[in-house]
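Chemist: Protein sequences appear in the order of chains A and B.
Oh and the first sequence: position 160 is 160 in the numbering used here, straight run, nothing missing.
Oh and the second sequence: position 141 is 397 in the numbering used here, straight run, nothing missing.
In short, the hints are calculated from the structure, not lab data.
All of these numbers come straight from a predicted model, not from anything done at the bench.
Even for Gly, the Cβ is constructed at its ideal location relative to N, Cα and C.
One should not assume that every hint holds.
[Unchecked claim] Pairs of lysine-lysine, DSBU-like flavour, derived with a Cα cap of 35 angstroms:
# : chain 1 : residue 1 : chain 2 : residue 2
1 : A       : 45        : B       : 314
2 : B       : 374       : A       : 45
3 : A       : 45        : B       : 371
4 : B       : 395       : A       : 45
5 : B       : 307       : A       : 45
6 : B       : 446       : B       : 371
7 : B       : 314       : B       : 465
[Said to hold, decoys possible] Pair by pair, the computed Cβ-Cβ distance ranges are:
#  : chain 1 : residue 1 : chain 2 : residue 2 : range
8  : B       : 429       : A       : 9         : 41 to 47 angstroms
9  : B       : 314       : A       : 19        : 22 to 28 angstroms
10 : B       : 448       : A       : 221       : 36 to 42 angstroms
11 : A       : 3         : B       : 340       : 52 to 58 angstroms
12 : B       : 508       : A       : 109       : 46 to 52 angstroms
13 : A       : 189       : B       : 372       : 53 to 59 angstroms
14 : A       : 221       : B       : 260       : 38 to 44 angstroms
15 : A       : 10        : B       : 371       : 52 to 58 angstroms
16 : A       : 198       : B       : 371       : 43 to 49 angstroms
17 : A       : 30        : B       : 448       : 41 to 47 angstroms
18 : A       : 13        : B       : 448       : 52 to 58 angstroms
19 : A       : 221       : B       : 394       : 32 to 38 angstroms
20 : A       : 228       : B       : 492       : 35 to 41 angstroms
[As the list claims (entries may be wrong)] Partial pick of chain B residues on the chain A-facing surface, computed with a CB cut under 7 angstroms:
#  : residue
21 : 310
22 : 312
23 : 336
24 : 339
25 : 340
26 : 344
27 : 346
28 : 350
29 : 352
30 : 364
31 : 367
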Amino acid sequence: MKNFFGWLGHNFLELLQELGRMMLLFIQAFFWLLRPPFRIRLFLKQMEFIGVNSLFVVGLTSLFTGMVLALQTYYAFRMFGAETLVGATVALSMTRELGPVITGLMVAGRAGSAICAEIGTMRVTEQIDALTVMSINPVQYLVMPRILAGFIMLPLLTIISDVMGIFGGYVVGVQLLDIHGGLFMNRIYEYVELADVYNGLVKASVFGGILTLVGCYKGFYTFGGAEGVGRATTQAVVMSCVLILISDYFLTALMF
Amino acid sequence: MEQDRYIIRIEGLTKSFGTFTILNGLNLNLEKDRVNIIIGRSGGGKSVLIKHIIGLLKPDKGRILVRDRDIVPMSEREMAHVRREFGMLFQEAALFDSLSVEENVAFPLHEHTSKSYKEIMTIVQDKLAGVGLQGMGSKMPAELSGGMRKRVGLARALVMEPKIVLFDEPTSGLDPVMGATINDLILRTKDEFGATCIVISHDISGTMKIADNIFMLYEGKIIVQGSPEEIKESSDPVVRQFIRGEAKGPIQIN
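One chain only, chain A, in its complex shape (with noise of 0.2 angstroms):
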């Protein structure tokens, strides 16, 4: 028994240790943001990678999920004939939810793992180094463009996503199930505000920054060689992943 809380304790501990570090890489970063050089190509080119590439994978994983929220709704609500309120939880579930979440998990699987592969893998081949013999600072060089551009680049991916999602229950319910167009998209206005619109754009912008800064962080710190380089990769998804669902919670909870 006490060998399990002197366990639970020191992971805890770790845990902490971790989250300061990355803190403490965070606030560099937003210094180096300040000071010149500014490097825009180095930021268009992150935004590029991080926006652009993962358009057509957000994109489609929200069209499925609009899809089946509309399948399950619609089989719900049929017992008590509100069909047609399909739409607007569709697009309430979208707009505050699943968009950002969604866009969220997807980008720390695709941009996220990359980014962490690539930082690890200069820092095992001494290019980081590299970069500091050259008087060139690292985290101005390599963390700040992509932290910027999580920041920037996943509120626009997710205002697709809710797009997309809405599209697809629109798809399924009028098209498949024989809901009114016209009450459909009716509801949709009546019930959702711009607000949900707005906090699911804040929450996403805020897991940008979370699934960018993990990835960095485990990149950065890196050891290990190649060996180093994928169990960094792996902590990265998984540790953004956890800390983009935990964090939706606590967003929810102080916005809506």
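Here the structure of chain A is known, so what remains is to put chain B in place on it, guided by the hints.
Modeler: Coordinates of chain B only, in the frame set by chain A:
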């Protein structure tokens, strides 16, 4: 006059990782405009020492004076300034994978000078020709052999015309001919660029050919130093075992 003679002086350098003390009160004076070679066993702290000289690691104790300025208490910002005097060739060259050979060599120029693209390209072609790689500019690092990568790394290290160039095991993993080519390039770096070369190596025959001063690092300290002739004549049993490459002797194998 003493001050002018030594470009880097290290006093009482101590560094531990966990409970393992890797450098233990090391003293070292490196002469200006010479090829200074530090020899010692793999894992004996040579890389750790060179990383201290360029400020990638901070010591637990001791002073590191570069042109009589102690770099140990310096902030990252001041350090970035001091590092402009340095160039470094990493063990595996540490070329940026995402950039071509040309872009790798041009990288410090783009970052630190306001030269035009055309001027930069002229310098880059010149440096690449200097290491015998003219016409290879558009290749990616992954397409190059180990020896070519190291030569690109050297061109990149020299492109800002540093006064001090560090070489981390420049000939390890290369065939003898390529090793000799790299050794020639180290000599040319000293003669043509007038740079101080600091090399860490366990390549004894190469060291004997190009070194002005040799330092033997053993158990966290410099145990012997001198010219190649003096090292060859050394009566120290550790040095004798090391330069002759014998399995039996005072050096502990672990």
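Chemist: Using the Cβ atoms, figure out if residue 30 (chain A) sits within 41 to 47 angstroms of residue 448 (chain B).
Modeler: 44 angstroms, holds
Chemist: Does the Cβ distance between residue 189 (chain A) and residue 372 (chain B) fall inside 53 to 59 angstroms?
Modeler: 57 angstroms, holds
Chemist: Looking only at beta-carbon atoms, does the pair residue 429 (chain B), residue 9 (chain A) fall within the given range of 41 to 47 angstroms?
Modeler: With Cβ atoms ~46 angstroms apart, the hint holds.
Chemist: When the nearest CB of chain A is found for residue 336 (chain B), is that gap smaller than 7 angstroms?
Modeler: Since chain A brings a Cβ to about 4 angstroms from residue 336 (chain B), closer than 7 angstroms, the hint holds.
Chemist: Does the interface hint hold: is residue 340 (chain B) within less than 7 angstroms of chain A, judged Cβ to Cβ?
Modeler: 6 angstroms, holds
Chemist: Under the criterion of a CB-CB separation shorter than 7 angstroms, is residue 346 (chain B) in contact with chain A as hinted?
Modeler: 5 angstroms, holds
Chemist: Given a cut of 7 angstroms on the nearest C-beta pair, is the interface hint for residue 344 (chain B) held or broken against chain A?
Modeler: With a closest approach of 5 angstroms, the residue 344 (chain B) hint holds.
Chemist: Is the distance from the Cβ of residue 508 (chain B) to the Cβ of residue 109 (chain A) consistent with 46 to 52 angstroms?
Modeler: 49 angstroms, holds
Chemist: Does the interface hint hold: is residue 312 (chain B) within less than 7 angstroms of chain A, judged Cβ to Cβ?
Modeler: With a closest approach of 6 angstroms, the residue 312 (chain B) hint holds.
Chemist: Please verify whether residue 307 (chain B) and residue 45 (chain A) have alpha carbons no more than 35 angstroms apart.
Modeler: 32 angstroms, holds
Chemist: Straight-line Cα separation of residue 45 (chain A) and residue 314 (chain B) no greater than 35 angstroms?
Modeler: 34 angstroms, holds
Chemist: Range first: 43 to 49 angstroms. Now tell me if the beta carbons of residue 198 (chain A) and residue 371 (chain B) are that far apart.
Modeler: 47 angstroms, holds
Hint compliance for this structure: every hint is met.
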